[in-house]
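Asker: Residue-level listing of the chains:
Number of protein chains: 2
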Amino acid sequence: VSVDLRRMNKVEWINEKDRRICVQAGITGSDLEAWLGERGYCVGHEPDSVELSTLGGWIATNASGMKKNRYGNIEDIVENVTMISPKGIIEQVEPFARASIGFKPQNILFGSEGNLGIITKAILKIHEKPKIKKYNSVMFKNWETGVEFLYNLSRTNFIPSSVRLVDNVQFRFGQALKPRTEGLMKIKANIQKFFVLNVKGFNADEMCATTFVMEGTSSEVRYQEKNILALAKKHGGLVGGSGNGKRGYLLTFAIAYVRDFLTDFHIIGETMETTVPWSKIDEVCKAATETLFELHAKHNIPGKPYISYRIPQIYHTGVCIYFMLGMSVKNIPHSEDLFGNIEHAIRKVIMEHGGSISHHHGVGKLRKDFMDATLSDSSMELIKDMKNAHDPGNVFGIGNGIFAK
Amino acid sequence: VSVDLRRMNKVEWINEKDRRICVQAGITGSDLEAWLGERGYCVGHEPDSVELSTLGGWIATNASGMKKNRYGNIEDIVENVTMISPKGIIEQVEPFARASIGFKPQNILFGSEGNLGIITKAILKIHEKPKIKKYNSVMFKNWETGVEFLYNLSRTNFIPSSVRLVDNVQFRFGQALKPRTEGLMKIKANIQKFFVLNVKGFNADEMCATTFVMEGTSSEVRYQEKNILALAKKHGGLVGGSGNGKRGYLLTFAIAYVRDFLTDFHIIGETMETTVPWSKIDEVCKAATETLFELHAKHNIPGKPYISYRIPQIYHTGVCIYFMLGMSVKNIPHSEDLFGNIEHAIRKVIMEHGGSISHHHGVGKLRKDFMDATLSDSSMELIKDMKNAHDPGNVFGIGNGIFAK
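Sequence lines, in order, name chains A and B. FYI, in the UniProt record's numbering the residues of the first sequence are 1 to 405. FYI, in the UniProt record's numbering the residues of the second sequence are 1 to 405.
The shape of chain A in the complex, shown without the other chains:
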């Protein structure tokens, strides 16, 4: 079954006192935020794909938003899901802030990836639109220092809505995209650059950048910024200002389009993401990079492969790492298959070194081979038992995740 729900995109009701909204599943992130924005509210869920992706898709894939530190990931945002399954309607009678009700069928719907039914609507938390939204950025002399800064930030009470660390390759890419600054501004920018590269012993080939989005009341934002910058300075960070921060944040929205863009230049590009415990970050990055270079050489692919990574999310026990891979495939036969194999090999290495199957992209068909390294056999059997009993005719036979052939 494949159903387009884009016309089911209405807001059914809003309850301002209880900070809830009930929305049909076909609404896109942009439309939802626009509707709420007019009324002074937001949901705050901003995946890279916010302009294209829909509420139902977020739930089905267990999506993550860039500002999850303030608003939560999709499972934190949703208080009730309605799914039409082969046997009827799966939903709670009422949403609740938190409850102990025995088994929670709602919990099963996140990440269901179309295998069990169609999500038709959901009740979400809403927030007053933050009074202040402020960007900033800090440069660190190398990746390791940036990671150490994030680690120490992760145990504080001043984690901003979004914080991300980009590696040197992405940092330079971002700098290259800077709008040309003229006159006095240009002089100032050059002075800053000189200062960063020469005076403080920063090396342009090693430095990396952290960008922040801070939201809230002016007092909240002030508290966050003051403490973030103080912590950054302890790690030798140089404040880059709001221009770098905003550009870094907005750049990520381009990701949903970047693959098509690269294809025009005979470059195959893809993003890969994973969750990694703090102690394994360097290991995973190194292993992924080495594997890409090894396979690139082994298959005699021309030029140099491109790999860069960033940490777009921090958690108490680990982070999400987001890789961007690319290579020129002009005149390479079956280049997509080859690239697919390389990606598969990199995922294997990532997981062997402590990364998860996915932080927010989900499993689908592409990553089905890695479920064995994710769940125990009986865990998968439990879900299969449930699916087979509830959908004996396999009406929802899309075959994603553990149901992929």
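Treat the hints as calculated values from the structure; they're not laboratory data. Mixed in with the good hints there might be a few duds.
Where chains are identical, the list cannot tell them apart; a pair therefore holds if satisfied intra-copy or between any two copies.
Said to hold, decoys possible - Below, in silico cross-link-like pairs of lysine to any residue (SDA-like), each with a Cα-Cα straight-line distance of 25 Å or less: (1) K141 - L229; (2) K141 - G88; (3) K131 - I159; (4) K280 - C22; (5) K17 - K280; (6) K129 - T156; (7) K348 - T156; (8) K17 - S279; (9) K87 - M371.
Given the coordinates of chain A, work out where chain B should sit on it, guided by the hints.
Answerer: Only chain B this time, still in chain A's reference frame:
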């Protein structure tokens, strides 16, 4: 199947860098915190029953801790559960901070209430023990003002580890339990009392109290306290100081023992708890109180019934309300059945007015009749399908929640 796991109470490993601990399910909260405390860490899960209840029980009942604002409820704390089910071992291969892996069998184990298998161990988040722990309290002139204060607090970034509002009845009970203060202290206490009751127009029969536990670095605690007190003053609150706050917090640990204590005096007492959206708090409290008095009169029970309530937890979209009920049952035949019926009637009224079946006690057998008002039929069928397929012999036949007869 009923198995005592208290001897399975070992810590299997701790990973300080990744802030994780793997613990067997039979450990009690007190033992877990003692073990961690010696090493400078804590989990921070403090249900009222922390001295008696165990890790496995917390997961099976979907428990909530008093300091959930800082440490999360049990589902936020646990990153991996191992359950022995009739078909094998249900667990993730690795814990992860957050991931999108398709269906998450782990999510089903919270609130499973013994219906599916035995939880043998879990991996939990740990935190450095907070450097500072500070108590404070604020008195408000009445319940409604206290609720309004909590509502406004719930949208800030300075929510303390624990905040609770107690109604007038509980407030006076707490005051009565105060250790006698002598000499100068006594004079000071009396002056404070006079000031509260006379100068500011506070009425002893209406005022209520909010207690706070603030934890973190000195800068965190300072930020919280400064902002909390400023917000409280906007609501006409009077700062009660740390003595009231600490007593209020510690009193709640006595709850696990209070029922037995009351029985000695021919008083039947019980606690009831529910989740309520912000907009329904007054309605639910009023309806529960009226129902108790009505039924007490209808059944010609001697004396006056006791009911008091507090809000021990706040969330973005609602709160937990915790009721304490009591009545004298000297010379009343079948008093336990009668009391059970009254409790049942109150739960029904609570839910009709917008409360949930339970915030953290779970369903068990006592509240089985209210599952129909909690989940859609197909939701329950989905879980039953899963259970029947995975445990066809009903080995785990304890019959809780939707499986209760």
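Asker: Against this structure, judge whether each hint is valid.
Answerer: Evaluated hints:
Taking the shortest alpha-carbon separations for K141 and L229, only the intra-copy value of 15 Å comes in at or below 25 Å, while the best inter-copy value is 41 Å. In this assembly of identical chains, the alpha carbons of K141 and G88 never lie at most 25 Å apart, being 57 Å within a copy and 50 Å across copies at closest. Taking identical chains as interchangeable, the C-alpha atoms of K131 and I159 lie at most 25 Å apart whether they share a chain (18 Å) or sit on different chains (19 Å). Within a single copy, K280 and C22 get their C-alpha atoms only as close as 40 Å, which misses the 25 Å cut-off; across copies the closest is 18 Å, which meets it.
Taking the closest pair of Cα atoms, K17 and K280 come within 25 Å of each other only across two copies (10 Å); inside a single copy the shortest separation is 44 Å, beyond that limit. Proximity of K129 and T156 under a CA criterion of 25 Å is satisfied in both settings, with 24 Å inside one chain copy and 13 Å between copies. Taking the shortest Cα distances, K348 and T156 never come within 25 Å of each other, neither inside one copy (33 Å) nor across copies (42 Å). Taking the shortest Cα distances, K17 and S279 sit within 25 Å of each other only across copies (6 Å), while inside one copy they are farther apart (43 Å).
Taking the shortest alpha-carbon separations for K87 and M371, only the inter-copy value of 18 Å comes in at or below 25 Å, while the best intra-copy value is 27 Å.
The structure does not agree with the numbered hints 2 and 7 stated previously, though it agrees with the rest.
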